[in-house]
Amino acid sequence: MKWYIIRRTLWAGFATVIILSITFVLMDQIPSQQIMQAQFQAAVDGVDVETAVQAEKERLGLAKPFHERYIEFMLNIFQGKWGWSYEYSQPVREVIVQTVPYSLMYGFPAIVLSTVIGTVIGLYSAVNQYTTKDYVATFLAFFGISIPNFWFGIVLLVIFGTFLGWVDIGWNAAIVKSADGAWVLLDTAGSEHPAFLREDFQGERYIGVLSPQNLKQLILPTFVVMTGAIASVMRYARAEALEYVDAEFVKTAKSKGVSNRTIVAKHILRPASIPLMTIMVGRILGLILFGSYLVEIVFGIPGIGLASLQAIIRQDTDLVAITILIPTFIAIMGNLIEDIMYAILDPRIDYGDR
Amino acid sequence: MGEKTDQPETDGGTPQEDPTFEQVDWASIDSGETPRRKKEYVWFGIVSAWLIGVVYDVYSQHIAGTGAAEFPVVGIISPVDWLWSITLLVFVYYGLVPLAENRRMTRYYWKEFRKNKAAVISGLFLTVIFAVGVIGSRVLPAPERTPGLENQPPVWGSVEDYVTGNDCPGGTTVVDGVTMCQGSWAHPLGTTSSGEDILRASIYGMEVSMQVGLIATLLSITLAAAVGLTAAYYGGLVDEVLMRYVDIQITFPTFFLFLLLAYTVGGSLFVLILIFGLFGWGSSARIMRAEALQRREEPYIQAAKNAGASSFWTVRRHLLPNISNSLITAASLTIPSIILAEAAIAFLGLGDLTVASWGRIISGGRDQLRTAWWIATIPGVFLFFTILAFNFLGDALRDALDPRHGGSGE
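For the record, the sequence lines run as chains A and B. Residues in the first sequence are numbered from 1 upward in steps of one, following our numbering. Residues in the second sequence are numbered from 1001 upward in steps of one, following our numbering.
In case anyone wonders, no lab produced these hints; they're calculated from the structure. Please note: incorrect hints may appear among the correct ones.
Each computed PhoX-like pair below joins lysine-lysine, with the alpha-carbon atoms no more than 25 angstroms apart [as the list claims (entries may be wrong)]:
1. A:K251 x A:K266
2. A:K133 x B:K1115
3. A:K133 x B:K1117
4. A:K133 x A:K254
5. A:K64 x A:K81
6. A:K2 x A:K133
Pulled from the structure, derived: some chain A residues nowhere near chain B, Cβ distances all over 12 angstroms [as the list claims (entries may be wrong)]:
7. F14
8. Q29
9. V53
10. R69
11. G80
12. I96
13. N128
14. T138
15. F139
16. W151
17. H193
18. I219
19. R235
20. L276
21. A321
22. F329
Where chain B lies over chain A, by a calculated footprint (3+ residues, C-beta under 8 angstroms) [said to hold, decoys possible]:
23. 19 to 26
24. 153 to 162
25. 292 to 298
26. 305 to 317
Ideal Cβ positions, reconstructed from N, Cα and C, are used throughout, including at glycine.
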């Protein structure tokens, strides 16, 4: 098994290098913003365009041969030198550090909640197979899988924001930070705080990640991101649990008069939880990453997905590359952890030959 | 699908004596190549005509440099339409023709299929979407930007007059001192913020979604079957190389791979379809390889090999038909994921801005949820129900065809 884990880890590393190489080759095809700017500037100033472009290329290091640029790119990625974002006028790394907490704020609860809720519904559905409740759960799972996250978010915003007026359509990004821009968990601030720009009130209100106003605006995006994930976990948990519902040891337990609850918790959930735990890390992570990317755009959450969209629109190449690479890398790590956990947790599988 | 069945000929006359085993003229069976049937000739003819057309089009565009080739009757055929036509032809030849030839089995399938209400409704819904999309986008005028007709509400609604453009074909009413613009039957589902009719844009979007879903799935499933079967049949080094490539492709999360490719090389609908078709087949190939590995050890494969069948023949005639269950299931579950991916890419603004994709219209209404809610929500209804219907259909097919899912017996 040790050998398997080593091989699997090496493979993840190899895959990362391959993906970085593909990204480099693809990104290399795109005309650089700076060069186009230099071209434009030269045309305006009446300077020879060719010379200006050449000079700009020299300055940016693009005049070097392909393999040198490739090695430099790879080294920079691993050293955390991720380039410069023109959109935000700061290093890409700074942008990522600023945006990731916003994504985590709803992404993390979504992963935990969807795993727990999905498993519970799936187990319930499996134990009550072919009853109305099972059919309802399966039907809802289909809805969850089929509904496009970004559209669902829009519909909820229209219902709860436009028609009912319960939530604000815009996103209040300043509420989680104190007036000087540092993240706070819970604090109070007066109406001079940037979060209350258009409001006028006396006294102080809560700000911070755990403030009621922030939690309220987090409900809808978390829910939307969860729908697809709950449905997948539920389907998976149901299929997994069904394998044990009719198992001999469950029948034995039943005939000995063990209560239903104990059977589900001890005899079905236990063996079924191994594959469940592992898919939580890999697949659900991927789903949430994909879902959150679009959901952030719908709700206007200034996380990594919105940063990516703005980078795409403005052709901010360095930022596009990193915002796509980060979820990809997280997914690779998720798969790696999934496989290793599986190998450790399930001793029945023999990895000797692979 | 499409393999021959040896049905005894019935001529309605005096019943022929069944030939006993000794009477069978094995020499004539062995020597004569099985004659190709009429429909195969027709099919080869159609495919060759299509190929010649494509080659001529490519030649006149890229080698002769005289622009897109003009064909009699149909005029200029765009690259997407070339792919679209062959996709539909393949669907007819491998899907509908065998069903029409094999009435008895068709009746049996229908009887089984009818039990699943959700799948029947989904099938009907998709047929309607397909027909309305294909016919509608040829009959109806294309949705155009119309200054003055911006943000018209749907026919049952009304909205403050300042939200809409200057014109208001549905007439205006004054409620509580505010002039309200009524929706009109001229634009039953309203218009977008650039004055495009949403109903017509949605109908055009139906064909786009179907095109993307079906063409890319055909490409993707063909590749997956080719790779999966080759890997399983030859094994050894071939298997290792092919499946390691698949591993890399799967490691890259599909959506982000599509996103990266759409950003760097994307643009036109044609390129998007190619991206979806050429880079999303990894998991289907794995499923088919796993299935083919089991089938490879079956006696009939060994018998075919011992009888001197070539590798291609064995794979094409014996392996492929026997994994068609997995193939159909994989195909029916690939379609919705690709339609969703296209909508997402279009929503991000990376799609083809000249086609009326549902995702593009939804994204256009994103900034106006407060004032013109119908722009972003209505096209999504079509998107959601199309994906839902494909998922239902795929699940029903899997239950019916895949013995491992144990749904068929109950």
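Now the hints, each set against the structure:
no.	hint	result
1	A:K251 x A:K266	13 angstroms, holds
2	A:K133 x B:K1115	20 angstroms, holds
3	A:K133 x B:K1117	18 angstroms, holds
4	A:K133 x A:K254	22 angstroms, holds
5	A:K64 x A:K81	18 angstroms, holds
6	A:K2 x A:K133	44 angstroms, violated
7	F14	8 angstroms, violated
8	Q29	6 angstroms, violated
9	V53	21 angstroms, holds
10	R69	16 angstroms, holds
11	G80	20 angstroms, holds
12	I96	16 angstroms, holds
13	N128	16 angstroms, holds
14	T138	9 angstroms, violated
15	F139	8 angstroms, violated
16	W151	4 angstroms, violated
17	H193	25 angstroms, holds
18	I219	17 angstroms, holds
19	R235	10 angstroms, violated
20	L276	19 angstroms, holds
21	A321	8 angstroms, violated
22	F329	10 angstroms, violated
23	19 to 26	holds (count 4)
24	153 to 162	holds (count 6)
25	292 to 298	holds (count 4)
26	305 to 317	holds (count 3)
Checked against the numbered hints listed earlier, the structure breaks hints 6, 7, 8, 14, 15, 16, 19, 21 and 22; every other hint is satisfied.
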